[in-house]
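Build the full structure now, drawing on both the sequences and the hints.
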Amino acid sequence: MADPRFFSVAKPMRLAELARLSGAELADSSRGDVIVRDVAPLDAAGPDHLTFLDNRKYLDAFKTTRAGACFVRAEMAEFAPSGTAVLVSLNPYKAYALAALAFYPEPAPMPGQGPGAVVDVSASLGEGCEVGPYAVIGAHVKIGKGCRIGAGAVICEGVEIGDNCDIGARAYVTHSLIGNRVRLYPGACIGRAGFGFAIDKTGFTAVPQLGRVIVEDDVEIGANTTVDRGAGPDTIIGQGTRIDNLVQIGHNVRIGKYCVIVAQVGISGSTQVGDFTMLGGQAGVAGHLKIGAGAKVAAQSGVMRDVPDGAEVVGFPAMPMRQYFRQTNYLARMVAAKKGEKDD
Amino acid sequence: MADPRFFSVAKPMRLAELARLSGAELADSSRGDVIVRDVAPLDAAGPDHLTFLDNRKYLDAFKTTRAGACFVRAEMAEFAPSGTAVLVSLNPYKAYALAALAFYPEPAPMPGQGPGAVVDVSASLGEGCEVGPYAVIGAHVKIGKGCRIGAGAVICEGVEIGDNCDIGARAYVTHSLIGNRVRLYPGACIGRAGFGFAIDKTGFTAVPQLGRVIVEDDVEIGANTTVDRGAGPDTIIGQGTRIDNLVQIGHNVRIGKYCVIVAQVGISGSTQVGDFTMLGGQAGVAGHLKIGAGAKVAAQSGVMRDVPDGAEVVGFPAMPMRQYFRQTNYLARMVAAKKGEKDD
Amino acid sequence: MADPRFFSVAKPMRLAELARLSGAELADSSRGDVIVRDVAPLDAAGPDHLTFLDNRKYLDAFKTTRAGACFVRAEMAEFAPSGTAVLVSLNPYKAYALAALAFYPEPAPMPGQGPGAVVDVSASLGEGCEVGPYAVIGAHVKIGKGCRIGAGAVICEGVEIGDNCDIGARAYVTHSLIGNRVRLYPGACIGRAGFGFAIDKTGFTAVPQLGRVIVEDDVEIGANTTVDRGAGPDTIIGQGTRIDNLVQIGHNVRIGKYCVIVAQVGISGSTQVGDFTMLGGQAGVAGHLKIGAGAKVAAQSGVMRDVPDGAEVVGFPAMPMRQYFRQTNYLARMVAAKKGEKDD
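Protein chains in written order, with the working numbering: chain R, 320 to 663; chain D, 320 to 663; chain U, 320 to 663.
Derived by calculation from the structure, the hints in this document are not laboratory data. Each hint should be verified, as a subset may be incorrect.
Claimed, not checked - Chain R is faced by these chain U residues, among others (derived, beta-carbon under 7 Å):
{"#": "1", "residue": "Asn410"}
{"#": "2", "residue": "Ala416"}
{"#": "3", "residue": "Leu420"}
{"#": "4", "residue": "Ala421"}
Stated by the list, open to error - With beta-carbon atoms standing in for the labels, derived distance ranges:
{"#": "5", "chain 1": "U", "residue 1": "Met640", "chain 2": "D", "residue 2": "Ala363", "range": "34 to 42 Å"}
{"#": "6", "chain 1": "U", "residue 1": "Ala427", "chain 2": "D", "residue 2": "Pro366", "range": "49 to 57 Å"}
{"#": "7", "chain 1": "D", "residue 1": "Ser443", "chain 2": "R", "residue 2": "Glu397", "range": "40 to 48 Å"}
Said to hold, decoys possible - With a straight-line Cα cutoff of 20 Å, these simulated PhoX-like cross-link-like pairs (lysine-lysine) come out:
{"#": "8", "chain 1": "U", "residue 1": "Lys609", "chain 2": "D", "residue 2": "Lys376"}
{"#": "9", "chain 1": "U", "residue 1": "Lys615", "chain 2": "R", "residue 2": "Lys520"}
{"#": "10", "chain 1": "R", "residue 1": "Lys657", "chain 2": "U", "residue 2": "Lys657"}
{"#": "11", "chain 1": "D", "residue 1": "Lys376", "chain 2": "R", "residue 2": "Lys615"}
Please read these numbers as outputs of a predicted model, since none were measured by experiment. Built from N, CA and C at the ideal position, the CB exists for glycine as well.
So this is what it looks like as structure tokens:
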């Protein structure tokens, strides 16, 4: 299904193998040798394709799918058409992700250096690294094994990067220590001096920004996103956290593990974000706050005070979801009543 | 008027010629041979200059302008000073744009490759392309005629680009098919994998993003804007649409033709935007929604549900303009009344 | 304290010298020869360290600090532990900034050109400039003394840059005149054509953007920020103004002196911002407005009308701070009362 100009399928696969690698169970074990050749959406899949049903909303599409096989939750299995082999999974979307990755594995780095790559003599690169054209790697930089450094990326003096990282084209990294399996998208800017200055009548005096950025293992940071280094303490992005495009992370910010930070979010200086927190797109968080673990901040919300663990907040200034809807509903009712009066 | 360090006027022009190319009509046809040498704003224009009046607000400036000629609507013509030749147009701003373009035509690409440009042997470029210094063009890339590829731009394997495109410096394009006369501004990032992963207790599993970005003819995409490729379906930017700087377009988004998307807008995954839609600056749209054709979303609004064709919405969550103003007015009145009571 | 991979302390310093360069006064002049070796936060500082107390909130930490010396306001001096030399200052944070800068001076540019730097024969560079690898400097560009041009930066034809500027890696500058001591962070895009076009039924007609960007002395512009050039008038960034990351400045915008514009702010075309104005993160300002001198726009606010000098506004649409809080408090009270009724 995927455009062969950009993607190539690794190989056809047996359902038994796909069940194994995705942690799913084949409902009819006699179908283990059935072969599928690709993944496809429910409505477009044919007999050669593997698909998935994650959202009840698509149950009708599932009942009539022509797919050769489908990941579903146990309670949906009975609705499968007879031609579709059922792979039972607790998390069909994750199972699909793993299967799709088997069909379309990430291309490995191609070890070597592109034209014009500049690697300082004091820098060290692990085995199997691919350095793109015109990438610039500064003095004393340490890069682990199997990394890909994109075209035109700039890795400044002293930066350390772990194994199997993917540093996007034109990314810029300075004053940072980066873990393993980290992915920076193109144009990301990590480690520049934060927005710190003393103000008086004569103008502004820059305050030297003496911290670093620490990016833990398995983090992804989106395209053209900016992460400022600490002013004294470090700016920290916790393990596994996903940061989308065009996000701003201020100096001294500490983000926990496995957070999801959607596009165009802004987090002001010195704020701490707990583990497993989600920030919706364009949300903003003021400085020096604590956002609790597992909290959810709705898109476009403006957080002006601490958020407890597990709380869901929304609006500007952000308040608990229930309170917010009470207020907006009250206002809508009052105005509707007013309008009713007028219409009489 | 324009700084000669950056702009040069092509040549003096006769009013008859300017009327012809702008679709305007010279009120006094005997002035067809009058020459003007440049464009200028109403208040700064002199006898050698062509100007325009689009907004009634500037009528006084028009009455006293020293401009040699001016584009105006028919009903304004009578207010012209005697020294100003009147060019009557239904759309004076567009007429001015066409005239200004005649004075200041876009410089054509200068065919050839700058220092260090890397073009894969399997890539094909049409006639008359200019490839800037350190641009990197990957395997099997196809680029049409008369394109300009800016310094340090990265065009990845398999990408196809039509004729007369302008790909800005340091732009990054992957997994994309791009039409004719498309303009990408510097730092734009088109076609990276979207923000797609399955979540469970063990963390996140990336879902392979197997779609593309389709950019139709005459689209412009602003500086440092990011457009993610589809997850399976494609992300599509319809013909003629203008996208400003620092905008985020999520995976699978489909934007119609001739839309205007102002700076810092964010559109979440799988949302569809109809033709001729306008999104004001910093507006956000949640995922999986339909924004109708001709709809207008006010600046900073947060759209959480479908918007019908032609509707105007505002606020967070976005609601019809009239409802929004009723609510804000109600609240202002209530508070004012309360204040009155207190002051008694 | 700072990581030696990224920072190095210039030299140990005497308190008398630090008092002199920071404009502070040593409370006990007999301690002028005491030596400190570094700066550190209040709670981490030891006898070799200089620290500061700016915020009363940290008074307890001050009372028990082990720091060798501390900048404080006069009224706090009495709480200093006996081991801590007191440096009295009206602005301890600024004094600290100046001292920290003495310990960690900005590295000077290293004159010369990196590999692959392209400097047009008609360009002129002052003494002591450092041009990074693969930077591209166009025809007739003029650059002053002691500038640093980062790796992969692109400075287009005709641009002029003053003395002692720092142009970040991969920054892009066109159609601009830039003052002295200006700092552009990586990925900033300055001077591209603004979002200007005439609209009619046949689509959009681009209006040539014939102005420039004027960046006055001592301005800083953040990473991946975009500043469009004027359409006819210039876009102007006034002296000393600090612009954070991912900000959008539209065409013809005029920003005064010593403004603070926090990350992800957007300012629409032709708006004027007075001197000493502050715009909080993610705030948006519509086009053709006047924001008065010394005004404060709260984070995420949406400014839809002029703001008087010195006013503080908040919300969407932005209104005076007091009015805004009256409205939000009223709504909260009404809803709480309603809830009370229900609970009865």
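Violated hints, by number in ascending order, as checked against the structure
The structure breaks hints 4, 7 and 11; every other hint is satisfied.
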